[in-house]
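A.B. asks: Protein chains in written order, with this note's numbering: chain A, 1 to 317; chain B, 1 to 285.
It should be emphasised that the hints constitute simulated quantities derived from the structure, not laboratory data. Computed from a prediction, not measured in an experiment: that's the story for all the values here.
Over 10 Å on every C-beta distance to chain B, these chain A residues come out as not near it, computed from the model:
#: 1; residue: Glu9
#: 2; residue: Thr10
#: 3; residue: Glu166
#: 4; residue: Arg268
#: 5; residue: Ala277
#: 6; residue: Tyr281
#: 7; residue: Phe296
Derived list of chain B stretches under chain A, where covered just means 3 residues or more per stretch with a C-beta under 8 Å from a C-beta of chain A:
#: 8; segment: 116-129
#: 9; segment: 147-159
Ideal Cβ placement from N, Cα and C applies to all residues, glycine included.
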Amino acid sequence: MNYEELIKETALADERLVVMTAENRALIRNLPAVLGPRFIDTGITEQTLIGAAAGLALRGRVPVVHALATFLTLRAFEFIRTDVGIGQLPVKLSGFVPGFLSDGNGPTHQAIEDVSLMRGIPGMTVFAPADEQDMLAMLPAIWASPAPAYVRINTRPATYEHAPFEMGKAEIVAEGTDITILTYGMLFEQTLVARELLQAQGKSVGLINLRSLKPIDEAALLDVVRRGSLIVTVEDHFITGGLYSILAEVLLRNQLTARVLPLALEERWYRPGRLSAVLEYEGFTGHHIARRISEFLGESGAAIAEGPAVLENQFAE
Amino acid sequence: MTDQKRQELEALALRVREHIVRLSTDGGCFTGASLSCADLLVYLYADCLNVRPDNLQDPTRDYLFLSKGHDVPALYGTFVELGFIDKARLDQHLSTNDHIYWHPNRNVPGVEFHSGSLGHLPSVALGVAMDCRMRGQDNKVIVITGDGELNEGTVWESLLVASAHKVNNLTLVVDRNHFQANVATEDLIPLEPLAPKFEAFGCEVRRIDGHDFKALEEAFSALPFSDTKPSVIICDTVRGRGLPSIEARADRWFCNFSAEEVEELLRELHSQVATTLTSETLTVR
Chain A
1 MNYEELIKET
11 ALADERLVVM
21 TAENRALIRN
31 LPAVLGPRFI
41 DTGITEQTLI
51 GAAAGLALRG
61 RVPVVHALAT
71 FLTLRAFEFI
81 RTDVGIGQLP
91 VKLSGFVPGF
101 LSDGNGPTHQ
111 AIEDVSLMRG
121 IPGMTVFAPA
131 DEQDMLAMLP
141 AIWASPAPAY
151 VRINTRPATY
161 EHAPFEMGKA
171 EIVAEGTDIT
181 ILTYGMLFEQ
191 TLVARELLQA
201 QGKSVGLINL
211 RSLKPIDEAA
221 LLDVVRRGSL
231 IVTVEDHFIT
241 GGLYSILAEV
251 LLRNQLTARV
261 LPLALEERWY
271 RPGRLSAVLE
281 YEGFTGHHIA
291 RRISEFLGES
301 GAAIAEGPAV
311 LENQFAE
Chain B
1 MTDQKRQELE
11 ALALRVREHI
21 VRLSTDGGCF
31 TGASLSCADL
41 LVYLYADCLN
51 VRPDNLQDPT
61 RDYLFLSKGH
71 DVPALYGTFV
81 ELGFIDKARL
91 DQHLSTNDHI
101 YWHPNRNVPG
111 VEFHSGSLGH
121 LPSVALGVAM
131 DCRMRGQDNK
141 VIVITGDGEL
151 NEGTVWESLL
161 VASAHKVNNL
171 TLVVDRNHFQ
181 ANVATEDLIP
191 LEPLAPKFEA
201 FGCEVRRIDG
211 HDFKALEEAF
221 SALPFSDTKP
231 SVIICDTVRG
241 RGLPSIEARA
251 DRWFCNFSAE
261 EVEELLRELH
271 SQVATTLTSE
281 TLTVR
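Using the sequences and the accompanying hints, generate a full structural model.
C.D. replies: Printed below as a string of structure tokens:
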């Protein structure tokens, strides 16, 4: 099963589902022939795409719309906020190549404020699957929900066997007493590596795959805070408005504080290149994440830099 | 159209204009922009579209989307006169006890979708028209834009897409009152020649006097103009129509008159004697 097969299966079972795109067909090339008029390509028109999706939703359809995450959430932001948001319409936004997945495109294409923008819209839900398996597990629930939704599309192959998806629940991969890593999206794969490296140094390291940024699994976050470990947020997003901000909001709302290390993009766009090169340059490979955490704890990162290349040989460009 | 029908519509439009004038105080409203499309809305709701208070949930009804949302006083007045909403709701204008404010919202029966941000509803109407067609229904889907609103690129983007997809059940109507918020359109972003622009975007276009009920009937009863193209009707209108003292004035877009001026303007509506206005001219943009 892949994204296209899932959407095809869902659309054939539910005539409300309409597939729309602003000429981004990478994952849905075979659908026009299958869906006929229920496949609508508006051309390179993200705003009209969203307005028309709102119109279709007014008529009882559930439009699943596709565009590059950056143009979808930025160019069409006001249409999403005003037509889909105020209208509280079940329009499902599939954003392609979010975060680091836009690798070589350059800053014009870097959707690294998308979580911040989308979660600021009342009623909007926001999801960031760790990989293809994680994504396919969550999409049926997202499409079946009456809420508008934004999904950071991620088709990278899974390097981890995920637990079943539950709306609003994070996936607790491991609990730890020294460090807990919170992450979402494609960096999950790297945090798995980082966790192994830190465990090899004798640390007890927890790892949580948030899956859903809105609704956020507040109970899971509060559990981690109560455990008293160092919390590390890891995200391919600006530091403003993403997971670090969400955690800060949860902490303040509960009148709590915690020791937190944010690993995110601070006040700049990332250096474009091949995905592995971007992760290396920006310090987001598993090794770099582990090293940055060690250094934050006042320890030398050298041991980690020289450590075994756990899982790295499995990295898919 | 019979003369009797025309007179009925004119009488109805006069009552709608009275509502607009009465809403133009105690906080005010977009008076000039509302008066220019009053005849258009009266014609569409009273004599053209298959939409009534008792069929608002019927998916085969005709749809009207008011993209130039600031002329909603004309819509409120029309809805009161045709029984969509209770007249008492207009007393709640700008009160937080109701949802009667400067732009349309769906808490008002008959309003198909909220608007206010210009250039949005052509695309929303496009989606609705596409769905009607997909289901084999022949509903009319009308979207009314202002002429200043044509500055917005998304109007043209939507027409490009509608034209590409041959959405011939979509009709875009322009309330061509020749003014945008503060100045005449031709002094800021000239639109003329307008009809050829729409034609170049793949639409079938007619241009009429938007205050002439017979001309409105002639144009709208000919819809759709084409089997393959979206239709466009440019309605030439006068901003402030019906009140000579504010007609075609750039500074009478949004008005907040005194209670005395409202009474005088209501007399002017009936007698056509211009009112001397002393209230401060407002610009909100």
